[in-house]
Amino acid sequence: MPVTTQIKDNSIIAYLSGEIDQHSSKTIRDEIDLCIKSVPNLSSLTLDFKSVTFMDSSGVGLVMGRYRLAEIVGCSLILTNLPPHIKRVMKLSGIEKIAKIN
Amino acid sequence: MKTLNEMKLTIESRSVNEGFARGAVALFSSQLDPTVEEITEIKTAVSEAVTNCIVHAYKQTIGLIYINAKIFDDNSIRIKIRDKGCGIDNIKRAMEPSFTTDPASERAGLGFAIMSAFTDNIKVYSSPGKGTSVLLCKKIKSKGQKICRQPETSKETS
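Chains A and B, in that order, are what the protein sequence lines are.
For the first sequence, the residue numbers in this note's numbering are 1 to 102.
For the second sequence, the residue numbers in this note's numbering are 1001 to 1158.
Worth flagging that the hints you see were computed from the coordinates, not collected in a lab.
Note that the Cβ used here is the ideal one computed from N, Cα and C, for glycine as well.
All the given hints hold, so there is nothing to weed out.
Simulated pairs of lysine-lysine, DSBU-like, Cα-Cα distance not exceeding 35 Å: (1) K97(A) to K1123(B); (2) K1141(B) to K97(A); (3) K50(A) to K1059(B).
If you want the footprint, here are the derived chain A segments under chain B, 3+ residues with CB under 8 Å: (4) 16-30; (5) 62-74.
All chains, full assembly: derive it from the sequences and hints.
Encoded structure:
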């Protein structure tokens, strides 16, 4: 599985893994969105990139989409454990203006 | 500039092939002895170009993507990614960061921006209705001394 989700109190941590491209991002998106819908009064969604070995701009689209959803639900979005290459792609997109990067 | 080696790969525009395409080109480019960072840059740029063919050029249909890579004696690689899809009306606008023709599908519109940032030179040729070619050039600066490694000859056991 390219994503494993963990629910703790009102927060979700999604552990992403492997290669994130247009092909794998569909599965990741569906899994995370299903999880978001299952948690009432969600306070935060954390995307953990520690085990991600590759990411292209599809990953940026994935984060932007989850940001929009987080805004609707009213929760915060946190990106954590970004390997250098992924940080570089994220910075090119200017995503740090909308999501908190730890 | 002399060509030292060349590869050609034709794949169907199925998203499952994205990983295969970028992996194949990255492995071919490893003859230039790049750093992990340089390999990642090549992989990412190829992934963006191939994804564009799948998502934009052929959309819901399946067509062929032609990948050609050449290694030159100045330690550079030139990768051409061509499709026979719908083509691009306005290349300048398509290359603007965050421009996407398909906002509903969560595309970031960053494909060309990433290809430009991760290579030394990018050229895009397109005819609407006929297809698009993207040419990516990158010099491997890291360990510039080693060029093409010759395959080792197997030693006979006595």
